[in-house]
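A.B. asks: Residues per chain are reported as follows:
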Amino acid sequence: MKHVALLARLELSDEELDYFGGQLAQILEHIDKISAVDTSNVEPTAHAVEVTNVFREDETTPSLSQDEALSNAPKAESGGFVVPKIV
Amino acid sequence: MSAGGNGDSGYETIIGLEIHVELDTVSKMFCGCPTRFGEDPNTQVCPVCLGLPGALPVANWKAIEYTIKSGLALSCEIAEFTQFHRKNYFYPDMAKNYQISQYDLPICTGGHLDVETDDVSRRVGITRVHLEEDTGKLIHVGGEGRIAGADYSIVDFNRSGIPLMEIVTEPDIRSPEEARAFMAKLRSILLSLGVSDCSMEQGSMRCDANLSLRPAGDTELGVKTEVKNMNSFRALVRALAFEVERQTKVLQAGETVEQETRHFDAAKNITTSLRTKEYAHDYRYFPEPDLVPIKVERAIVADMAGKLPELPDARRMRFIESIGLGAHEAHLLSDTKPMGDFFEECVDGGADPKAAANWILGELSMHLNATGLEIEDCAVTPKHLTQLLKLLDEGTISGKIAKAVFEEMYETGKLPGVIVDEKGMTQISDSDEIGRVVDAVLAENPKAVEELKAGKDRAIGFLVGQVMRLTKGRANPQMVNDLIKERL
Chain A
79 MKHVALLARL
89 ELSDEELDYF
99 GGQLAQILEH
109 IDKISAVDTS
119 NVEPTAHAVE
129 VTNVFREDET
139 TPSLSQDEAL
149 SNAPKAESGG
159 FVVPKIV
Chain B
4 MSAGGNGDSG
14 YETIIGLEIH
24 VELDTVSKMF
34 CGCPTRFGED
44 PNTQVCPVCL
54 GLPGALPVAN
64 WKAIEYTIKS
74 GLALSCEIAE
84 FTQFHRKNYF
94 YPDMAKNYQI
104 SQYDLPICTG
114 GHLDVETDDV
124 SRRVGITRVH
134 LEEDTGKLIH
144 VGGEGRIAGA
154 DYSIVDFNRS
164 GIPLMEIVTE
174 PDIRSPEEAR
184 AFMAKLRSIL
194 LSLGVSDCSM
204 EQGSMRCDAN
214 LSLRPAGDTE
224 LGVKTEVKNM
234 NSFRALVRAL
244 AFEVERQTKV
254 LQAGETVEQE
264 TRHFDAAKNI
274 TTSLRTKEYA
284 HDYRYFPEPD
294 LVPIKVERAI
304 VADMAGKLPE
314 LPDARRMRFI
324 ESIGLGAHEA
334 HLLSDTKPMG
344 DFFEECVDGG
354 ADPKAAANWI
364 LGELSMHLNA
374 TGLEIEDCAV
384 TPKHLTQLLK
394 LLDEGTISGK
404 IAKAVFEEMY
414 ETGKLPGVIV
424 DEKGMTQISD
434 SDEIGRVVDA
444 VLAENPKAVE
454 ELKAGKDRAI
464 GFLVGQVMRL
474 TKGRANPQMV
484 NDLIKERL
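If you read the protein sequences in the order shown, they are chains A and B. Following my numbering, the numbering of the first sequence begins with 79 at its first residue and continues without gaps. Following my numbering, the numbering of the second sequence begins with 4 at its first residue and continues without gaps.
Among the hints, erroneous ones may be present.
Claimed, not checked - In silico DSS-like links for lysine-lysine, alpha-carbon gap of 27 angstroms or less: (1) B:252 / A:163; (2) B:271 / A:163; (3) B:99 / A:111; (4) B:417 / B:450; (5) B:90 / A:163.
Rather than coming from a laboratory, the hints here were simulated on the basis of the structure.
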């Protein structure tokens with residue numbers, strides 16, 4: 079549970095770990111149930127809709143302006159998004 | 004040299020490469036933003052490549068086509084059914100916190116590329132070629148611009164979403180030199196296909212390497228390190244050579260190599276451990292629900308295979324077999340597409356192939372190196388060189404004058420015929436005119452004349468040189484020679 083929280087960058091208290099841990103166990107149990115079904119004669123599904131080959135041509139469309147792109151940024155500098163130090 | 008190309012250390016070097024190539028499309032992989040390099044930060048972005056909620060990607064067919072073509076050129080199987088997956092991880096250069104990539108159904112699998120070095124020819128297996136999206140660019144502020152020690156970083160998402168083709172090799176490469184040869188050949192193939200500009204300096208072709216050593220004769224692989232940040236062919240060879248030496252020392256000291264990522268420092272020529280917080284890689288790949296799967300029709304693949312341009316190996320063989328070049332010249336001229344195209348245009352224009360090859364690989368290459376230009380960007384075109392060779396062949400100018408004309412046309416871009424006319428550089432082949440100069444030279448140099456008469460053949464060189472000097476190199480040297488002999 080702690081590993082999953084770390085991967086999702088979630089800081090969870092001990093109570094939350096317990097709470098979500100219980101939920102996760104239920105989900106896994108449910109998946110076990112699904113896994114028990116014999117699917118040897120069923121084609122694997124790659125996607126929820128049965129559509130393939132949706133493409134666009136290699137053509138450009140207008141981009142946002144720099145101001146528009148940065149308008150939601152908590153902090154911007156030199157035309158870029160400022161992010162906290164990485165290491 | 005041992006089989007592993009690792010000196011006499013008793014260890015064999017094992018290298019696998021992972022190459023990322025930005026494809027040369029005008030728009031991004033999943034949106035219509037342009038892909039131009041060097042624009043102001045965050046001016047080629049939209050809700051899709053900024054990862055804004057609700058924005059939906061649509062795949063660029065051209066990028067898929069380029070990947071299929073690259074796979075075909077590398078003798079890969081092209082998947083009938085392929086799809087994109089989400090690769091989940093957190094890093095600030097990626098707005099969505101996942102990268103759209105491919106997982107168990109890549110577009111191309113199981114190819115190979117034959118690579119020659121001085122020692123050996125080796126078949127390097129291609130594990131897979133898949134398509135993904137590039138990430139944004141980080142600029143680190145403070146700490147001398149390095150990530151370690153920076154106060155904060157700035158993100159530019161212009162590069163985010165540019166189609167990125169990843170090529171993974173089997174661990175079949177046995178020396179740093181072979182790795183370089185592989186990269187050079189791959190680059191020349193991709194340039195021929197026109198799918199990328201493959202500039203390592205601008206980052207449109209990037210390479211990481213997995214390197215391990217094992218006792219010669221062993222079949223099990225040793226512990227590997229991953230080497231990153233090699234931004235040129237030179238850096239690649241140096242970084243890998245350093246890593247071979249470092250791991251050899253570790254093993255010889257009876258210690259074990261640590262599995263880690265190492266960063267190449269081009270200024271110091273060393274690799275250093277990248278001690279970032281090591282989270283186990285757990286990318287939790289799952290099929291990208293925002294993109295539908297792709298069925299690649301066999302007819303389309305066959306059509307693309309039939310339309311592949313001539314690749315460097317085939318061109319080299321043709322230069323040897325049909326045009327009669329030597330193996331070495333053919334290799335140099337077919338190595339890059341622009342050089343080969345230049346040569347062929349000269350030959351098509353009527354130039355003697357061997358003379359054209361000599362001038363391209365000699366004088367022209369020398370000038371290009373000295374001025375740092377690419378063949379397609381310099382003032383000399385195939386038309387220039389073909390005309391120069393014709394003037395030379397017809398005896399209008401001498402070999403020496405030809406070099407002077409070349410110099411001038413390289414600088415000014417004027418056609419050689421124009422230069423020769425303007426400067427009066429035409430070769431003098433009129434025996435009366437040359438005869439007058441010869442007479443004058445003989446009269447002025449009685450000592451050399453005596454020596455020549457006494458059988459000192461060297462003296463004739465001096466006398467010919469004097470005639471050439473007085474005619475500013477324009478006299479036909481053979482006629483000068485003949486006329487001097489005739490006079491004595």
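A.B. asks: Let me make sure I understand: some of the numbered hints might not hold for this structure. Which ones are they, in numerical order?
C.D. replies: Hints 1, 3, 4 are the ones this structure does not satisfy, whereas the remaining hints hold.
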